[in-house]
Amino acid sequence: MSCLIRLIASTAVVYSILATSALADTAAGEHNGSTAAPAGHAGVPFPGAPEIAPIGVRLDKYIDVPEAAKGPPIDPAKGYRLEKLGRGLYMVTDNGYQSMFMVYESGVVVVDAPPSYAARLKQAIAEVTTLPITHIIYSHSHTDHIGGAGLLGGHPVIVAQEETKRLLLRDADPARPIPTVVFKTSYRMQLGSQHLELSYHGDGHEPGNIFIYAPEQKTLMVVDLVFPGWMPFRRFAVAHDLPGWMAQVEMIAKLPFDKLVAGHVARLGTRADVLTQIEFDNDVKSAAAAALKTTPFVDGINPADAGNPWALTDDYTARVAGSCVKAVTPKWSNRLGAFDTFVWDECYAMEQSLRVD
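Those letters in the sequence shown? Residues -24 to -1, 1 to 333, by mature numbering (1 follows the signal peptide of the UniProt record, and there is no 0).
FYI, nobody ran anything at the bench for these hints, they're computed from the structure.
Glycine is no exception: its CB is placed at the ideal position from the N, C-alpha and C atoms.
Wrong hints could be hidden among the right ones.
What the hints assert, rightly or not - Estimated spans, in silico, between C-beta atoms of each pair:
(1) K230 with G47: 32 to 40 Å
(2) G126 with N278: 49 to 57 Å
(3) K307 with A223: 17 to 25 Å
Could you build all of it, start to finish, from the sequences and the hints given here?
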């Protein structure tokens, strides 16, 4: 709570500076025969603005990361951490990104190759086995998760959902080799005594984003849907389809897993983490819906801007998002890591989705 108090104080100073600047500009304008601040300059924040600083304002100190969000430290000499998930199955992480690999009798299956540590991924595998990488699975097309695949070398079979192949053909990025095996809805990989179940449940984070399940190890890997102990990355992980994204998070809670490899942050996820995120997502949705119903479309904007529909809409959505931020802050500011970093983004994304989806 002391961190939040410091945040509020810091933000109050920011708003005070903005307001003082606006008043000074206004005074300068009046001296020159005008009564308004120069066009495009910051004005006084709208009435009832939340204490959490808006997008574009840097804080001197962000709210402390909750202990529950932290994971085991990485070895700085290695630049990664290796964690066994069950027979032949391992997670690799640099405490920002996560990937997975499975060892079977003849080789290794790699699931994602984040460029942040892909150059060390073969070193991590070598801690466990000398067998070659025979297969790579892409969770989806985004560079931050598979952009290191080209560094793994050899000629592995690359498996992905068909939408991922379509997007990679469009992008033509040599760092992300084109999949050689694609599927539409499901694909079972039987490799020696090991197997993985791949499934696609439609658009959410992006077209082609899949669920990867290791039934023997009761481990599920789904990327960019759940952020254990943390806020989702901005705008709900830049969800392509926010209603679909939320539905898939709820789907995860119904699956028979013990360990969740979520693609981001410092630790494995649990069922409790999934339920916490569902609760947060629904709270933001309720807060944004209430704000949309109670916020007047025009309230205090300069009459000279009445002919600028983008300005009117921007002012309105800022006030809606601000109301949403105020509503969820008391409950969540100290429960999720980086709450103050992305809460405005989440509220903006939710109000937009509720208006247009």
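Taking the hints in turn, this is what the structure says about them:
1. K230 with G47: 32 to 40 Å: Between K230 and G47, where Cβ atoms are some 25 Å apart, the hint is violated.
2. G126 with N278: 49 to 57 Å: Cβ of G126 to Cβ of N278: about 52 Å, so the range 49 to 57 Å holds.
3. K307 with A223: 17 to 25 Å: For A223 against K307, whose Cβ atoms are near 23 Å apart, the range 17 to 25 Å holds.
Violated hint for the displayed structure: number 1, the only one.
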